[in-house]
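Chemist: The lines below spell out each chain.
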Amino acid sequence: DQQVKQNSPSLSVQEGRISILNCDYTNSMFDYFLWYKKYPAEGPTFLISISSIKDKNEDGRFTVFLNKSAKHLSLHIVPSQPGDSAVYFCAASSSDGGATNKLIFGTGTLLAVQP
Amino acid sequence: GAVVSQHPSRVICKSGTSVKIECRSLDFQATTMFWYRQFPKQSLMLMATSNEGSKATYEQGVEKDKFLINHASLTLSTLTVTSAHPEDSSFYICSARDLRGSDTQYFGPGTRLTVL
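In order, the protein sequence lines correspond to chains A and B.
Mapping of the first sequence onto my numbering: residues 1 to 115, in sequence order.
Mapping of the second sequence onto my numbering: residues 1 to 116, in sequence order.
Calculated from the structure, these hints are not laboratory results.
Note that this is a predicted model, so its numbers are computed, not measured.
One or more of the hints may lead you astray.
[What the hints assert, rightly or not] Straight-line Cα separation of at most 35 Å, DSBU-like style, residue types lysine-lysine; simulated pairs:
(1) Lys5(A) - Lys37(A)
(2) Lys102(A) - Lys64(B)
(3) Lys37(A) - Lys55(B)
[Claimed, not checked] Here are the simulated distance ranges between beta carbons:
(4) Asn27(A) - Gly53(B): 24 to 34 Å
(5) Gln81(A) - Gln60(B): 36 to 46 Å
(6) Thr26(A) - Pro40(B): 46 to 56 Å
(7) Arg112(B) - Pro82(A): 19 to 29 Å
(8) Lys56(A) - Thr82(B): 40 to 50 Å
(9) Thr114(B) - Ile53(A): 19 to 29 Å
(10) Asn7(A) - Ser83(B): 19 to 29 Å
(11) Pro79(A) - Ser9(B): 42 to 52 Å
(12) Asp55(A) - Cys13(B): 41 to 51 Å
(13) Thr17(B) - Lys68(A): 44 to 54 Å
(14) Gln42(B) - Asn27(A): 13 to 23 Å
The C-beta atom is built at its ideal place from N, Cα and C for all residues, glycine as well.
Isolated chain B, as found in the complex (with noise of 0.2 Å):
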């Protein structure tokens, strides 16, 4: 139990261009997701919670209007990487928490983003 699936994997795009990205927990409901960032070498920063049904809430220095998130259903988060700039090239990885559970966080495979 408690899998997280992120789609795409892997992908590369040109710079000004936009990208989705798509969290999925495929066996169970989450009311809230989270989306991080990581750099090579260092450790996993939060970006913003994804709370179903309303508006993320970002951390300090993310910019909302460049990271889009969606949570649309109990089972679906997104992150739109808009206007994507060589500088946004990250491992970006997601994360759900259960809705019955404890505060333990399940996290996707992650997408690695290479903007050109």
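One chain only, chain A, in its complex shape (with noise of 0.2 Å):
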């Protein structure tokens, strides 16, 4: 049961343009959203996160949207850059009360930004 879903394994967008990525999930518990991102052979490096109180957080470039009754969340990019690309995990927790969240994770999205 994947509880986290990104349904677009891939996506191409142009430099300068904006990078919208998308992620899907299912759990209503889940309160506390991340996104990462990972080059090959290499482990995640965090971008950005969100709590399920927000719709909306911005750090530079990276904006993420929560819309929590169509649970749902999206990651924009904007401009988009060569460097920006990599795969982008979405990841989600739920603060049930336990010591320790345990991140699910999407199956991850491929971004490459074309020159």
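Put the two chains together into one complex; each comes in its own frame, and the hints tell you how they fit.
Modeler: Next up, the structure:
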């Protein structure tokens, strides 16, 4: 049962344009969402996160939008740069009172930014 | 800040031997560290949650006797793959959560294990 889904395995965008990466989840208990960027043979790098009490969080070129009713979040990168080319994973967790809140990862979207 | 290191970055071993992978949080303390495994073109799969000073919590289907986890201090967790076999070949990644912070996990660079 894939609780976090990234339905687009890949996305190609022109340099300077906006990249929009999408993520859907099924567990309504998730209340914290994160985006990670990953290059081949490297560990994921944290990009940006959002709590369920918000619907938008912005950090420089990266903005994450959360639509709780639709159980959907998206990552916007603008303007896109060739160095942004990587696999992007969304992840979610729930603060169910436990001490260790596991992250559940999506399957990733490969972003290619064309010069 | 929030740097996590892993050692070794790459290891090749013979079938039947054991391999230890270290995960360190360099500039923060982590009561909780996580071990993941990633197969080619697949997502990260959580193997176990490592808690400082207590036993690790393993995910369903992960053999605790095969993947030994020790979290001896607030900055170090180790994963030992015992009696490794070719099917254990994979990319192993650890992460750590800052003691003071949110649910954000910071990841190490990963360890590529190849079992011949």
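Chemist: Evaluate each hint against the coordinates.
Modeler: Results for each hint:
1. Lys5(A) - Lys37(A): 16 Å, holds
2. Lys102(A) - Lys64(B): Within the cut-off at roughly 18 Å; holds.
3. Lys37(A) - Lys55(B): 30 Å, holds
4. Asn27(A) - Gly53(B): 24 to 34 Å: 30 Å, holds
5. Gln81(A) - Gln60(B): 36 to 46 Å: 40 Å, holds
6. Thr26(A) - Pro40(B): 46 to 56 Å: Violated, at about 26 Å.
7. Arg112(B) - Pro82(A): 19 to 29 Å: 26 Å, holds
8. Lys56(A) - Thr82(B): 40 to 50 Å: 47 Å, holds
9. Thr114(B) - Ile53(A): 19 to 29 Å: 45 Å, violated
10. Asn7(A) - Ser83(B): 19 to 29 Å: 39 Å, violated
11. Pro79(A) - Ser9(B): 42 to 52 Å: 33 Å, violated
12. Asp55(A) - Cys13(B): 41 to 51 Å: Since the Cβ atoms of aspartate 55(A) and cysteine 13(B) sit about 48 Å apart, the hinted range of 41 to 51 Å holds.
13. Thr17(B) - Lys68(A): 44 to 54 Å: For threonine 17(B) and lysine 68(A) the Cβ distance comes to about 49 Å; the hint holds.
14. Gln42(B) - Asn27(A): 13 to 23 Å: Hint holds: Cβ distance 20 Å, inside 13 to 23 Å.
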